[in-house]
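Chemist: Take a look at the letters that make up each chain.
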Amino acid sequence: MNNWFFNNFWIKIVSLILAVITWFYVNEEIVKEKHMTKQLYKSSIINRVQIPSYGVKPIK
Amino acid sequence: MNDYIAISKMLVEIGILWFVYYVILMFARGTRGVYVLRGIILITIFFIITKQLNLERINWIFTKLFALSILAFLIIFQQEIRRGLANIGQRRWSRFFLKESEIISEIASACFLLSRKKIGALIAIERETRLENYIESGIEIDAKVNSELLMTIFTPNTPLHDGGIVISGDRITTTGCLFPLTQNPKVSSNLGTRHRAALGISEETDAIVVIVSEETGGVSVAIAGRLTHDLDREAMERVLSNLYRPDKKGKK
Numbered sequence: 001m002n003n004w005f006f007n008n009f010w011i012k013i014v015s016l017i018l019a020v021i022t023w024f025y026v027n028e029e030i031v032k033e034k035h036m037t038k039q040l041y042k043s044s045i046i047n048r049v050q051i052p053s054y055g056v057k058p059i060k
Numbered sequence: 001m002n003d004y005i006a007i008s009k010m011l012v013e014i015g016i017l018w019f020v021y022y023v024i025l026m027f028a029r030g031t032r033g034v035y036v037l038r039g040i041i042l043i044t045i046f047f048i049i050t051k052q053l054n055l056e057r058i059n060w061i062f063t064k065l066f067a068l069s070i071l072a073f074l075i076i077f078q079q080e081i082r083r084g085l086a087n088i089g090q091r092r093w094s095r096f097f098l099k100e101s102e103i104i105s106e107i108a109s110a111c112f113l114l115s116r117k118k119i120g121a122l123i124a125i126e127r128e129t130r131l132e133n134y135i136e137s138g139i140e141i142d143a144k145v146n147s148e149l150l151m152t153i154f155t156p157n158t159p160l161h162d163g164g165i166v167i168s169g170d171r172i173t174t175t176g177c178l179f180p181l182t183q184n185p186k187v188s189s190n191l192g193t194r195h196r197a198a199l200g201i202s203e204e205t206d207a208i209v210v211i212v213s214e215e216t217g218g219v220s221v222a223i224a225g226r227l228t229h230d231l232d233r234e235a236m237e238r239v240l241s242n243l244y245r246p247d248k249k250g251k252k
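Residue numbers (my numbering), protein chains in the order written: chain B, 1 to 60; chain U, 1 to 252.
A couple of the hints might just be wrong.
[Unchecked claim] Calculated pairs, SDA-like style, for lysine to any residue (alpha carbon to alpha carbon, straight line, at most 25 angstroms):
#, chain 1, residue 1, chain 2, residue 2
1, U, 118, U, 180
2, B, 32, U, 51
3, B, 12, U, 133
4, B, 12, U, 206
5, B, 12, U, 73
[Stated by the list, open to error] For the chain B half of the interface with chain U, some residues (derived, Cβ under 7 angstroms), not all of them:
#, residue
6, 11
7, 15
8, 18
9, 19
10, 22
11, 23
12, 25
What the hints contain is simulated information worked out from the structure, not anything from laboratory work.
Glycine is no exception: its CB is placed at the ideal position from the N, C-alpha and C atoms.
Turn these sequences into a full structure, and let the hints steer you where they fit.
Modeler: Given below as structure tokens:
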């Protein structure tokens with residue numbers, strides 16, 4: 001176990017740093033995306049876009 | 001409760017990312033690709049910093065270049081990706097099942113038969129450091145280690161006998177490899193090119209290199225820039241079994 005930990009120690013540390021940076025970066029992007037989507041809903045842009053006013057006739 | 005779930009999810013995700021990065025870095029180690037990879041990592045970090053600092057123009061350029069860089073990455077690492085996928089398919093898993101004593105015995109048999117016939121041989125056994133740079137200079141054969149094949153490879157006047165061979169796991173991966181000669185001025189001038197090449201690669205990597213002298217028939221082993229001359233079969237097998245798998249036996 002000890003051997004496993006110290007073998008390629010620096011590669012493991014660099015990988016961990018990169019993994020943490022990537023996780024926080026992606027997490028922030030996801031949070032931003034969610035926030036933007038919420039705002040879009042709030043400002044009812046999506047509702048307006050979804051109104052069937054582009055020549056789509058309801059099926060009778 | 002939700003906090004615990006969120007934290008454990010985060011740890012699992014970071015763990016997966018860590019594993020992916022670790023495998024990529026280990027794979028690139030010892031290849032030409034490591035410098036490119038280092039450059040890509042630096043550029044990515046720079047990209048993240050510019051994004052955090054809201055440097056929109058710089059960030060815009062990086063975003064556009066990113067799409068191109070994926071293509072460049074695939075082209076630059078074409079060989080490594082191909083080799084890596086092949087490894088996942090076959091070689092790496094076989095390491096879990098390989099019997100090191102059998103491999104050592106095959107190598108020792110070949111070396112001492114070659115020694116008796118005074119046929120020169122140069123065998124580099126890969127350990128932690130990948131020998132990709134040297135593999136690229138040779139001819140790929142990818143065959144299971146066996147003494148008859150080793151003897152055939154080193155038989156004079158055959159197309160593959162020049163240069164060294166690389167053994168990785170239980171496979172002879174390449175023959176006819178060019179190894180760098182040692183630049184150590186303290187090395188005896190009596191040593192020939194084969195021994196100098198063995199010392200050279202053992203200085204640059206952690207490989208174990210077995211040499212059979214063409215002149216004397218002596219079997220030597222080079223590790224970390226040090227040469228042990230004229231080993232008998234028992235001593236050679238002992239040295240190899242102590243050093244062949246550092247993860248299992250402990251480093252020298």
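Chemist: Quick check: which numbered hints come out false for this structure?
Modeler: none
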